[in-house]
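J.: If you want the building blocks of each chain, they are given just below.
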Amino acid sequence: MQQEAAIRKPLILGEKTYGQITEDVMAPVVGKANKSWWIVFGISAVMALWGIGCILYLLGTGVGTWGLNKTVGWAWDITNFVWWVGIGHAGTLISAVLLLFRQKWRMAINRSAEAMTIFAVMMAAVWPGIHMGRIWLAYFVFPLPNQFGSLWVNFNSPLLWDVFAISTYFSVSLVFWYIGLIPDFATIRDKVTQTVPKKIYSLLAFGWTGNAKAWNRFEEISLVLAGLATPLVFSVHSIVSMDFATSVIPGWHTTIFPPYFVSGAVFSGFAMVQTLLIIMRKVMNLESYITIKHIEYMNIVIIVTGSIVGVAYLTELFISWYSGVEYEAYAFINRATGPYAWSYWIMMSCNVISPQMFWFKKLRTSIMFTFFMSIIVNIGMWFERFVIIVTSLHRDYLPSSWTMFHPTFVDIGCFIGTIGIFFVLFLLFSRFFPVLPLNELKTILKSSGEQYKKVEQEH
Amino acid sequence: MNFTFTKNARITFAVLMLIGVIAGVYGFMTDDTAHHNRFWANLLINGFFYFAISLGALFFLALQYATEASYMVVLKRVMEGISQYIYVGGAVLILVFLAGTLHWHHIYHWMDPEVYDPTSEHYDKIIAGKAAYLNQPFFWIRTIVYLGVWMFFARLFRKRSLLEDQQGGTKIHFKNMGMAAIFLVFFAVTSSTASWDWIMSIDTHWFSTLFGWYVFSGMWVSFMIVLVLLTIWLKGKGHLPQVNQSHIHDAGKWMFAISFLWTYLWFSQFMLIWYSNIPEEVTYYITRIEEFKWLFFGVFFTNFLFPMVILMSRDAKRQIGYLITVGVIIFIGHWLDVYLMIVPGSVGHLHFGFMEIGMFLGFLGLFLYTVFNAFSKAPLVVENHPFLEESEHLHI
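From first to last, the protein sequence lines are chains S and V.
For the first sequence, this note's numbering gives the first residue as 25, with consecutive numbering after it.
For the second sequence, this note's numbering gives the first residue as -3, with consecutive numbering after it.
Hints listed in this document are in silico derivations from the structure and should not be mistaken for laboratory results.
Check the hints yourself; a few may be wrong.
Calculated lysine-lysine pairs in the BS3-like style (CA-CA distance at most 30 Å, straight line) [as the list claims (entries may be wrong)]:
| # | chain 1 | residue 1 | chain 2 | residue 2 |
| --- | --- | --- | --- | --- |
| 1 | S | 470 | V | 167 |
| 2 | V | 167 | S | 478 |
| 3 | V | 249 | S | 237 |
| 4 | V | 167 | S | 386 |
| 5 | S | 33 | V | 155 |
| 6 | S | 385 | V | 171 |
| 7 | S | 215 | S | 306 |
| 8 | S | 128 | S | 470 |
| 9 | V | 171 | S | 386 |
| 10 | V | 249 | S | 317 |
| 11 | S | 306 | S | 59 |
| 12 | S | 33 | S | 478 |
| 13 | S | 128 | V | 167 |
| 14 | S | 237 | S | 128 |
The shape of chain S in the complex, shown without the other chains (with noise of 0.2 Å):
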């Protein structure tokens, strides 16, 4: 067993046995939605048919009845895709990347933060998706041979990129999420009564029999899954920015996008993460697995993410002015004090300025304080891609075509159907998935738990 300093923090509190962790993981699926589950869950149904009536009607009439103009070619749509993509960096960020550092902390929160990812991505996906106009067409991004003709995808276009690169992501982050599901489907295969439920887990736990074999190739598969995820969790978001910084728009083109856009998406996957796990640790009575020092490790992750993403911003806004690049230094100039300064201000103010109150101890420990901060960064996020893309494009080269962009109730209800649809499978998830790895967690119990590290530090 490894060596763990006597200074670090329990990462399971109570006196919890391997038991009882079986018991409190299986408490949701076993048991009644309560009340507050089955609110919750109306709303985000009533959000989604909603979103879904939009997206029809969408579909059905055109892509004119978006805000888009001759300028503003491009708005909420690539927005909303952005900022879900990034959302979506923050499950795998914390499944692979914390795994290969060995982190601990990451085994309480993995679980839900990978469904997050999954079902971010995928609503991420609609947006290009619905973009098109004709979505039967969908299958022309892939590089199919065809009989139409020489008719082939341009592979010169980062937005192709984006195809393989999402696609990539979302199998690999798929797959990743799955595997690590499968001995906790065992375990609610092995403990339910009922026979449809029971079925119903011993076909999702695919015939684990827990077996030494087993487990050594588990291990194998997550390390090996973990280094192919973490270049993935670089590449998506970098590919993201290359759809802009590969133009010649001012404000879009510049070099740092893609490690500055890697940043700013894990930032957002945090916050989302806090957002979703703040509520479900309380009202699915995990407070011993997810405790306040885990919250106090995603702040500070938020912190330095959004300090990194603070110091690009700046940096991006002192080389427009030492380029000496009119167009370049008339970007970054409206966008502070043109007509959307208000969006540049929100961006800067939740993104840069309001996670530094994160530097006090008290702030990033305080539960209410982080919900709150979480949501604050989400809409900061949201603001970013919104200026990145809009305030660069509704000034152009030619000032007699300088318009606004102004969404329609179409715009705002596709984008209020994702989050309606995304909050629905993230319910059906807490439901009825394990939402904590509970028999990885059993594996830190003895080293990190806070009545084991009582007794080590009696002797």
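Got chain S sorted already, so can you dock chain V onto it with the hints?
T.: Showing chain V alone in chain S's frame:
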């Protein structure tokens, strides 16, 4: 067991330094470039490269403190020793900048007052537009602030580490965490601005927002290489008894991972500029491709492919033969990367001969002499650290 800086080692490093001095003097005499730019560029390359390694050590040390990482605690003194070169390295940089201020060389075009003078034939409108940032007083204030603060932290961490050996307890540890966080915030900004000031401003017209992070990744990986190589050497001499294969494996992982980070940033900067093909940006790479083609792409592929292919497997990272081979190759590779940042803008053509090799070796001698001297001043493994036991038990 304490480390003794043996006579043999001293003589070896002194010989290296002597080669460096001869190469420098010979180079200066035979240098036919304007203002002896080639000689001064070499001084800047070596001044910056080795300085950056010690700065990388300081950064990594702070990162270990701030993240409460335990696995490298048994290597902490090695990192500290490397960070102690920062004073000598800083002095070399000051010498190069001072020579620029005195117009002994023209590596920094913007240091010439005529480019700001509209009546002069050397007037440069673009550089004049940057005068608010690129002017000598402000440049010197910035340089002194960077060096001063970095050296302050190098001293502070070293002093407190030695104190911890005596006192034990957790008080120093928790205080170090706080100081490390402050250092990292300062470093996050100044590592970028310093690389703009000292290196990007050589190609004065050119700009790239990613440049600072790219230079940072280079300094980080160069430090990781030095850490791996020195650890293996010390271990081979019977020092560092607590260091086991797992520690070397972990250090090897860093060398592998940061090579990827460097590649990622190199590629991001290059690809975006190449793809957009905007005249004011792409000129930087046109010079490099036209004048330094093989070196330019060779360095990229060497620094990327060698660690990727050879160090991918777990076994390779646990065998010192592989680590040394890859380490030595990419150590030179990253020196050449610094060469490619500096020479095209200051000398303009590929000059590679005795001066380059000799001065590289000379500074290697100076660097190792300083670092070994620091090793001999304190026990090679810390004696009291809250994570020491955890680190000794590392097993992966």
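J.: If a hint holds in the structure, say so; if it does not, say that too.
T.: Consistency of the hints with the structure:
Distance check on the hinted pair: residue 470 of chain S and residue 167 of chain V sit about 27 Å apart at the alpha-carbon level, within 30 Å; holds. Of the pairs offered as hints, the one joining residue 167 of chain V and residue 478 of chain S holds, with about 21 Å between alpha carbons and a cut-off of 30 Å not exceeded. In summary, the hint linking residue 249 of chain V to residue 237 of chain S is supported, as the alpha carbons are separated by about 27 Å, within the 30 Å threshold. Restraint check for residue 167 of chain V and residue 386 of chain S: satisfied, since their Cα atoms lie roughly 20 Å apart, inside the 30 Å limit.
Taken as a hint, the residue 33 of chain S and residue 155 of chain V pair is honoured in the structure, with Cα atoms around 28 Å apart against an allowance of 30 Å. Taken as a hint, the residue 385 of chain S and residue 171 of chain V pair is honoured in the structure, with Cα atoms around 14 Å apart against an allowance of 30 Å. For the suggested pair residue 215 of chain S and residue 306 of chain S, the alpha carbons sit about 24 Å apart, so the restraint of at most 30 Å is met. Restraint check for residue 128 of chain S and residue 470 of chain S: satisfied, since their Cα atoms lie roughly 12 Å apart, inside the 30 Å limit.
At roughly 18 Å between alpha-carbon atoms, residue 171 of chain V and residue 386 of chain S fall within 30 Å of each other, so this suggested pair holds. In summary, the hint linking residue 249 of chain V to residue 317 of chain S is supported, as the alpha carbons are separated by about 28 Å, within the 30 Å threshold. With a C-alpha separation of about 14 Å, the suggested pair residue 306 of chain S and residue 59 of chain S falls inside the 30 Å cut-off, and the hint holds. Taking the CA atoms of residue 33 of chain S and residue 478 of chain S, the gap is near 11 Å; set against the 30 Å cutoff, the hint holds.
Between residue 128 of chain S and residue 167 of chain V the CA atoms are separated by roughly 25 Å; this keeps the pair inside 30 Å, and the hint holds. Restraint check: the Cα-Cα separation between residue 237 of chain S and residue 128 of chain S comes to about 23 Å, which is no more than 30 Å; the hinted pair holds.
Of the numbered hints stated above, none is contradicted by the structure.
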